[in-house]
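Asker: Sequence:
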Amino acid sequence: MDCAAMSSPYRGLAPYLYYSDATAALAWLTRVFGFTEEVRFCDGAGEVFQATLCAGAARIQIAGVGPDYWQAKGVDGPVGQLNILYVEDVDDAYARIAAAIGDEGELDPPQDQPYGARVFTVADLGGNSWTFWQQTSETVELPPGWQAIRAGGESSNG
Numbered sequence: 001m002d003c004a005a006m007s008s009p010y011r012g013l014a015p016y017l018y019y020s021d022a023t024a025a026l027a028w029l030t031r032v033f034g035f036t037e038e039v040r041f042c043d044g045a046g047e048v049f050q051a052t053l054c055a056g057a058a059r060i061q062i063a064g065v066g067p068d069y070w071q072a073k074g075v076d077g078p079v080g081q082l083n084i085l086y087v088e089d090v091d092d093a094y095a096r097i098a099a100a101i102g103d104e105g106e107l108d109p110p111q112d113q114p115y116g117a118r119v120f121t122v123a124d125l126g127g128n129s130w131t132f133w134q135q136t137s138e139t140v141e142l143p144p145g146w147q148a149i150r151a152g153g154e155s156s157n158g
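Residue 1 is where the sequence shown starts when you use full-length UniProt numbering, and the numbers rise one by one after that.
Treat the hints with caution; some may be incorrect.
Said to hold, decoys possible - Listed next, with one range per pair, are the computed distances between beta-carbon atoms:
1) I149 x T36: 35 to 43 Å
2) D43 x P15: 16 to 24 Å
3) A72 x R150: 38 to 46 Å
4) R150 x Q113: 17 to 25 Å
5) A72 x Y115: 37 to 45 Å
6) T139 x Y16: 13 to 21 Å
7) P114 x A72: 37 to 45 Å
8) P144 x A95: 33 to 41 Å
9) V39 x E141: 39 to 47 Å
These are computed hints drawn from the structure, not numbers from a lab.
For every residue, glycine included, the Cβ atom is placed at its ideal position computed from N, Cα and C.
Please build the complete structure, drawing on both the sequences and the hints.
Answerer: Right under this line is the structure:
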């Protein structure tokens, strides 16, 4: 499902990510990750101030802000965040993204994880991390001494 097929465009959770250059971020996210641009709002100089992208059924908001914005808030700037994108075939996503990035950045291949996933992570030009995640099992291998406690009180031990 893509954003256009959704009955209401404003449901669920949408990250709002800050970039020092939203124009470059928009170009990078669409080129490298294949996100779809829904709308952009540009200032008088033609630079992107804010944009909405779609990743499958999820919306992602991006905004361009300069150092004055962060100084007014008393911080140096955004610290980035981790975003998880669930995919059907993580190896295919990796091949596509590796080809798009080329020599621009560092990209480690997908790895199987003990929590039933195969993942790889890539940082964008704003310092945000994007983990591409393929669920491979419902089984979670807990280390000795750990336990999982689920809603309703059900627990399991590692």
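Asker: It remains to establish, for every hint, whether it holds in the given structure.
Answerer: Now for the hints, and whether the structure bears them out:
1. Range check, I149 to T36: about 39 Å between beta-carbon atoms, so the 35 to 43 Å window is met.
2. For D43 and P15, the Cβ-Cβ distance of about 22 Å falls inside the hinted range of 16 to 24 Å, so the restraint holds.
3. In this structure the supplied range 38 to 46 Å holds for A72 paired with R150, their Cβ-Cβ distance being about 43 Å.
4. At roughly 19 Å, the beta-carbon separation of R150 and Q113 lies within the given 17 to 25 Å, and the hint holds.
5. One distance hint, 37 to 45 Å for the beta-carbon pair A72 and Y115, holds here, with the actual separation near 40 Å.
6. At about 35 Å, the CB distance of T139 to Y16 disagrees with the hint of 13 to 21 Å.
7. For the hinted restraint 37 to 45 Å between P114 and A72, the CB-CB distance of approximately 44 Å keeps it satisfied.
8. At roughly 36 Å, the beta carbons of P144 and A95 sit within the given window of 33 to 41 Å.
9. Look at V39 against E141: about 43 Å separates their beta carbons, and that is inside 39 to 47 Å.
Going through the hint list in order, the structure does not satisfy hint 6, though it satisfies all others.
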